[in-house]
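Chemist: Top line first, the protein sequences correspond to chains A and B. Take the first sequence: its letter number 102 is residue 871 in this note's numbering, and every next letter is one higher. Take the second sequence: its letter number 317 is residue 321 in this note's numbering, and every next letter is one higher.
Hints were generated in silico from the structure; no laboratory data involved. There's no promise every hint is true.
[To be verified] Calculated lysine to aspartate or glutamate pairs in the DMTMM-like style (CA-CA distance at most 25 angstroms, straight line):
#1 LYS283/B / ASP260/B
#2 LYS119/B / ASP129/B
#3 LYS178/B / ASP955/A
#4 LYS1073/A / GLU949/A
#5 LYS320/B / GLU292/B
#6 LYS241/B / ASP955/A
#7 LYS298/B / ASP55/B
#8 LYS59/B / GLU1044/A
#9 LYS162/B / GLU773/A
#10 LYS1073/A / GLU891/A
#11 LYS119/B / GLU71/B
#12 LYS320/B / ASP224/B
Residues per chain are reported as follows:
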Amino acid sequence: MIGELFTAQVLLGILTSGIRLATPYLYAGIGETFGQRSGVLNLGVEGQMLVGAFAAFYTVRQTGNLWLGLLVAILAGALMGLAMAFVSITLRAKQGISGIGFFLFGLGLSDLLFQTMLGTVETVSGFRPVAIPLLSAIPVFGPVFFNQNLLVYGAYLLVPVAAFVMNRTTFGLKVRAVGETPEAADSLGVSVTRVRYITVTMGGVFSGLAGASLSIALLNVFQQNLTSGLGFIAVALVYFGGWRPWGVLAGALLFSMVNALQLWVQVLGLPIPSEFAVMMPYVLTIVALVVAVQRVRPPTALTKSFVREG
Amino acid sequence: MRKFVKLLSVLVLLTMVMSACGRGGTSDKFRVAVVTPSARNDLAFSQSIYDAMVKVQAAKGGPDKFEFVISENMFVVDDAGAAIRDYASQGYDLVIAHGSQYGGVMQEIAPDFPKISFAWGTTVDTFAEKGIKNVFAYEARSEQGGYVNGVIAAQLTKSNVVGVVGPIETGDAKLYVDGFIAGVNASNPGARVTVNWIGSFSDVALASEAAQTHIGAGADVMAGTAQMVVGAIGVAKDNNVLWIGTQASQTALAPDIVVANQIYDWSGIILEIIDLMEKGTLGGQAFEITLANKGLYLEYNAAFNLPADVRQLADKTVQDIISGAIVVAP
């Protein structure tokens, strides 16, 4: 019976679903990676995603313009990120608790706006799948990888770009320096505050995009608490990925593929209780996390406010 | 800064005292408070009780005679407990806890307010055996409409694969899905029902992917229950797959593909509860909405061109369930 899982139809189905499911994790996780590498843990990702998701959805509903929706989501995410930066960097509030505060703020704000401006669940016409010429014609895998909507492509393109910026540019070097030894970076003339403001705001922008990828590309709907914990999983994936963009990609894909696998396990009627199937992605993630954590250490200055001495 | 904090504390205290005084007054209005796990406009479970309250308010003479308030999104049971206790303290006549997860807090709070009525669902347990006399219970025999929906799905599928997206395999959702499967099997033994329990009432993204999985497996008709199905309906719409809804009308989300919805109408039993309360009974009875008492009914989407023979078969199935010719086991 298990053999039913290994048919081309099922394996391709799992791949396609996994690629889609991983999209919001990639945006949010990579944004968070930059923040954490610079020393700021932002647990408000979920709230930023919700605000971004609503902003994009409402804009598209009112104007029909998907790009404008995306822009508004970016701006909303940037504002949320900037606010988090102000509280955690300038006011030096404890990062963990202020992040939770921003999560609750985003949850409440997006719900309030939804109730007052929409009042009921609606749908919009979002980004449609775009087949990439030639590549999408590759037998079997073409339609899986190269017939997705633009925000899915964007998420996967973001990974190498983020890895390049982090590892091969002066900005990336500054981010890493600020997250490891902020005092040393500061003594060399790098503004710790400015770098952290940039990364945390950038994190907000990507969280906003993650929200938009749900509300105007993958689901095309907005509902109260639309993200339903995805933002927290994205934060966990940053740890899982060892604070590296490629690691985040690996974690996001693993979690999403196993989630897709459990959906198929149930559809095929394999004799596994649904409760157990639903647990699979989480159990696997915990196991992988335990293994991963022993391998890499977090940025030294993570969660530590910077105060210039003397 | 310290002065500011002091001032703020005084202001907060004052506000609390004033609001307590304001609501503590007696009134000849009938006052009902409802606590729901999700939003009142979730197109599903919470919406069904909200719509019912609007109906009851109209039936009882409008807002001047009948007042109701609703605390939504109480997915954290402790928060719901605090809200239920608050409403009882404020002297609401009836406090409705709309979610089977609220049983524990209901059992704890109700004995502290013996003059106030409580109702909770979906369940049959009024805690009468534990000596509690002021709790009503209610449930939906959702397997009945589930069976009818299954019959419709079985008739409409051409691929003979019907997909169902469920939240957690328990309570009302399980009843509905079991009824649905029985309906499909009875009406079209050649059809296969694939079921996905996604383990969440709120994960819209996973519900959407669950629907994709069904379509990947060949489903051309889908159904589902709970508030996260909006994700699945979106997928059905994009793929031109038919959708059959339950709990509240989901037609507005996708008028082209929604065939019919089983609607929950709690207003009848709430009116019965109020009637009993006015006669001095504050609890101890369990109610159910069924096809027979019209608490459950099928709403067809007028914009969908349902073949006449399928409509006839569905209507006949409803009648057979009401008459007892078809017994859908809960």
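Chemist: Next, verify each hint and record whether it holds.
Modeler: Status of each hint after checking the structure:
no., hint, result
1, LYS283/B / ASP260/B, "violated (48 angstroms)"
2, LYS119/B / ASP129/B, "holds (19 angstroms)"
3, LYS178/B / ASP955/A, "violated (60 angstroms)"
4, LYS1073/A / GLU949/A, "holds (10 angstroms)"
5, LYS320/B / GLU292/B, "holds (22 angstroms)"
6, LYS241/B / ASP955/A, "violated (55 angstroms)"
7, LYS298/B / ASP55/B, "holds (15 angstroms)"
8, LYS59/B / GLU1044/A, "violated (38 angstroms)"
9, LYS162/B / GLU773/A, "holds (23 angstroms)"
10, LYS1073/A / GLU891/A, "violated (43 angstroms)"
11, LYS119/B / GLU71/B, "holds (18 angstroms)"
12, LYS320/B / ASP224/B, "holds (24 angstroms)"
Hint compliance for this structure: hints 1, 3, 6, 8, 10 are broken, all remaining hints hold.
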